[in-house]
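This is what each chain is made of:
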Amino acid sequence: MGTIPDLSWEKEFLYSIMADLVVGISDLKCSNQPKDVIITYALGSCIAVVIYDPMVRVGGMLHFMLPDSTLDKIKAASAPAMFADTGVPMLFKSCYQLGAEKKRLIVKIAGGASILNDADYFRIGQKNITAMRKIFWKNNVLINAEDTGKNCNRTVKLQLADGKCFVRSSGGSVEEL
Amino acid sequence: MLDRILLSINKLPAFPATVQRVSELLKNEDYSVNEIVSVIKFDQAITANILKISNSAYFGVRQKIKTIHDAVVYLGQKHLVRAIQTASVSKFFTKRGYGDKASELWEHSVAVALMSQILSRQLHQKENPVLYTAALLHDVGKLVMGEYVQDASKKIFELVNNHGYSFLEAEEEIVGINHADLGGRIAEYWNFPAEIRDAITLHHRPNLDDLEENIFPSLIYLSDQFCLTMGIDGGMDGLAHRGFSEITKRFHLRESDVEKNMLLLLDQLKQANELLGIVDK
Numbered sequence: 052m053g054t055i056p057d058l059s060w061e062k063e064f065l066y067s068i069m070a071d072l073v074v075g076i077s078d079l080k081c082s083n084q085p086k087d088v089i090i091t092y093a094l095g096s097c098i099a100v101v102i103y104d105p106m107v108r109v110g111g112m113l114h115f116m117l118p119d120s121t122l123d124k125i126k127a128a129s130a131p132a133m134f135a136d137t138g139v140p141m142l143f144k145s146c147y148q149l150g151a152e153k154k155r156l157i158v159k160i161a162g163g164a165s166i167l168n169d170a171d172y173f174r175i176g177q178k179n180i181t182a183m184r185k186i187f188w189k190n191n192v193l194i195n196a197e198d199t200g201k202n203c204n205r206t207v208k209l210q211l212a213d214g215k216c217f218v219r220s221s222g223g224s225v226e227e228l
Numbered sequence: 098m099l100d101r102i103l104l105s106i107n108k109l110p111a112f113p114a115t116v117q118r119v120s121e122l123l124k125n126e127d128y129s130v131n132e133i134v135s136v137i138k139f140d141q142a143i144t145a146n147i148l149k150i151s152n153s154a155y156f157g158v159r160q161k162i163k164t165i166h167d168a169v170v171y172l173g174q175k176h177l178v179r180a181i182q183t184a185s186v187s188k189f190f191t192k193r194g195y196g197d198k199a200s201e202l203w204e205h206s207v208a209v210a211l212m213s214q215i216l217s218r219q220l221h222q223k224e225n226p227v228l229y230t231a232a233l234l235h236d237v238g239k240l241v242m243g244e245y246v247q248d249a250s251k252k253i254f255e256l257v258n259n260h261g262y263s264f265l266e267a268e269e270e271i272v273g274i275n276h277a278d279l280g281g282r283i284a285e286y287w288n289f290p291a292e293i294r295d296a297i298t299l300h301h302r303p304n305l306d307d308l309e310e311n312i313f314p315s316l317i318y319l320s321d322q323f324c325l326t327m328g329i330d331g332g333m334d335g336l337a338h339r340g341f342s343e344i345t346k347r348f349h350l351r352e353s354d355v356e357k358n359m360l361l362l363l364d365q366l367k368q369a370n371e372l373l374g375i376v377d378k
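Protein sequence lines, in the order shown, are assigned to chains A and B.
The opening position of the first sequence corresponds to residue 52 in the numbering used here, with each subsequent residue numbered one higher.
The opening position of the second sequence corresponds to residue 98 in the numbering used here, with each subsequent residue numbered one higher.
Rather than coming from a laboratory, the hints here were simulated on the basis of the structure.
Treat the hints loosely; a few may be bogus.
[Said to hold, decoys possible] Result set (DSS-like, lysine-lysine): computed pairs, CA atoms no more than 27 Å apart in a straight line:
#1 Lys124(B) <-> Lys201(A)
#2 Lys124(A) <-> Lys357(B)
#3 Lys126(A) <-> Lys357(B)
#4 Lys124(A) <-> Lys86(A)
#5 Lys251(B) <-> Lys201(A)
#6 Lys163(B) <-> Lys201(A)
#7 Lys126(A) <-> Lys86(A)
#8 Lys198(B) <-> Lys201(A)
[To be verified] If the Cβ cut is set under 7 Å, some of the chain A residues that face chain B in the computed set are:
#9 Leu94
#10 Cys97
#11 Leu117
#12 Ser120
#13 Ile166
#14 Asn168
#15 Phe173
#16 Ala196
#17 Gly200
#18 Asn202
#19 Thr206
#20 Phe217
#21 Ser224
#22 Val225
#23 Leu228
Just so we're clear, the structure is a prediction, and the values are computed from it rather than from any experiment.
Think of the CB as a built atom: it goes at the ideal place given N, C-alpha and C, for glycine as much as any other residue.
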């Protein structure tokens with residue numbers, strides 16, 4: 052009878068190299084580690100902004116919740132990622148610090164869903180989309196791909212190794228963005 | 098399919114009477130701590146969960162709570178009842194409902210319950226324990242309907258995505274009943290008071306003409322909409338539910354109020370992390 056080899060350290064090593072960086076609501080994460088996968092769950096009316104520089108393999112993801120930081124200046128100071136106008140600049144700056152350059156960045160966005168026929172209330176999804184487009188327009192940034200609006204909840208994933216970005220919609224399948 | 102679903106209600110275990118018993122005991126001003134402890138200890142699952150959540154920042158107790166005796170002494174009446182309510186309801190969240198795991202529906206339910214109390218404080222300057230229970234249980238129908246809806250999800254999404262149905266309307270068409278109506282029947286089976294039953298039944302279709310008499314369905318509807326919008330939806334139905342703009346007017350909620358309430362809920366959810374964690378991920 053042979054002894055069973057102890058593989059626990061190998062397993063641990065495997066888990067340690069496949070890291071998921073989870074972005075919460077009002078949060079952002081950046082990385083230059085090819086093993087990293089940045090993921091955010093349950094976007095609802097919130098929006099995930101995903102940027103990636105393929106040359107240096109630096110990427111980041113922001114999960115902002117509301118369009119405009121003037122709603123609560125104190126919150127905006129302590130958690131800039133909560134709002135589009137404070138979160139988006141911070142996402143770009145954080146990636147620049149890791150060596151990304153604006154002209155090479157690929158920008159993708161997902162989220163901004165709405166409840167059915169909400170013509171004039173709970174318009175946060177639509178307001179988020181508009182606010183973000185405005186920010187990019189003002190700063191000469193092109194959006195390369197987007198999956199926004201509709202009535203589904205989304206989970207978004209960015210693989211640092213190749214910059215591939217995937218969106219899973221509630222009740223739907225996973226699609227590359 | 099409908100018959101099978103309705104029959105499966107009768108297979109649900111009885112709802113623990115711990116909350117009612119403890120509430121009765123608390124009515125007596127010089128209640129005995131040991132008596133309350135013995136009532137709670139009777140149910141081991143509830144006891145374990147009460148201990149898990151008692152030290153949550155949400156309850157704001159400074160002393161470290163290690164035993165049920167500590168919990169009864171330090172939590173205070175309001176929070177003790179809240180902890181027992183939460184622990185009692187959580188027992189039933191062993192199925193995945195419309196999501197990938199049971200914890201998703203539980204987190205949604207706790208979020209709606211917390212939001213219902215935020216709204217109650219704003220409107221009535223106080224919290225409401227009955228509303229809290231109703232909010233925690235509003236989607237209880239999904240626990241029973243989950244497997245049927247997951248099986249029929251293709252047909253349901255065909256109606257939702259291509260024919261203008263809300264998820265609720267698609268449930269009615271495909272399954273024969275919606276999760277809110279089914280939840281109301283479960284509440285009836287558990288002998289809950291009419292106001293909790295109706296709040297569950299009407300949580301997607303509140304009657305705005307009945308606001309004075311029966312405000313619970315509207316409050317839970319609104320709390321639910323807040324959570325759906327924030328992405329805390331607990332399942333595949335996502336945001337595919339109907340919005341009634343009339344309701345925000347009735348409650349005098351401006352857009353900035355809606356956004357501020359979302360920030361409040363986010364803060365509370367962080368404090369209530371332990372409450373979210375009692376259903377296995």
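Each hint, compared with the structure:
Taken as a hint, the Lys124(B) and Lys201(A) pair is broken in the structure, with Cα atoms around 50 Å apart against an allowance of 27 Å. The hinted pair formed by Lys124(A) and Lys357(B) meets the criterion: a straight-line CA distance of about 12 Å does not exceed 27 Å. With a C-alpha separation of about 11 Å, the suggested pair Lys126(A) and Lys357(B) falls inside the 27 Å cut-off, and the hint holds. At most 27 Å may separate the alpha-carbon atoms for a hinted pair to count; Lys124(A) and Lys86(A) exceed this at roughly 36 Å.
Of the supplied pair hints, the one linking Lys251(B) and Lys201(A) holds, its CA atoms being roughly 18 Å apart against a limit of 27 Å. At roughly 47 Å between alpha-carbon atoms, Lys163(B) and Lys201(A) are farther apart than 27 Å, so this suggested pair is violated. Among the hinted pairs, Lys126(A) with Lys86(A) is inconsistent with the structure: their alpha-carbon atoms are about 33 Å apart, more than 27 Å. This hinted pair checks out: Lys198(B) and Lys201(A) have alpha carbons roughly 24 Å apart, not beyond 27 Å.
At a threshold of 7 Å, the smallest CB-CB gap from Leu94(A) to chain B is about 5 Å, leaving the interface hint in force. At its closest, the beta carbon of Cys97(A) sits 6 Å from a beta carbon of chain B; the interface hint therefore holds under the 7 Å criterion. Against a cut-off of 7 Å between C-beta atoms, the interface hint on Leu117(A) holds, since the closest Cβ of chain B lies about 5 Å away. For the restraint placing Ser120(A) at the interface with chain B, the shortest Cβ-Cβ distance is roughly 11 Å, beyond the 7 Å limit, so the hint is violated.
Because the beta carbon of Ile166(A) sits about 4 Å from the nearest beta carbon in chain B, less than 7 Å, this interface hint is met. Here the hint on Asn168(A) is kept, as its CB sits about 6 Å from the closest CB of chain B, short of 7 Å. Against a cut-off of 7 Å between C-beta atoms, the interface hint on Phe173(A) holds, since the closest Cβ of chain B lies about 5 Å away. Because the closest C-beta pair between Ala196(A) and chain B is about 20 Å apart, greater than 7 Å, the hint is violated.
The beta carbon of Gly200(A) comes no nearer than 10 Å to any beta carbon in chain B, farther than 7 Å, and the hint placing it at the interface is violated. Given hint, Asn202(A) at the interface with chain B, holds; its Cβ is 4 Å from that chain's nearest Cβ, closer than 7 Å. Nearest Cβ of chain B to the Cβ of Thr206(A): about 9 Å, over the 7 Å cut. The hint is violated. Annotation: Phe217(A) was flagged as interfacial toward chain B, and the flag is violated, the nearest CB pair being 16 Å apart, outside 7 Å.
A hinted interface residue such as Ser224(A) counts as satisfied when its beta carbon comes closer than 7 Å to some beta carbon of chain B; here the least separation is about 11 Å, so the hint is violated. Because the closest C-beta pair between Val225(A) and chain B is about 13 Å apart, greater than 7 Å, the hint is violated. For Leu228(A), the shortest C-beta to C-beta distance to chain B is roughly 17 Å, which exceeds 7 Å, and the interface hint is violated.
This entry does not satisfy hints 1, 4, 6, 7, 12, 16, 17, 19, 20, 21, 22, 23, going by the numbered hints stated previously.
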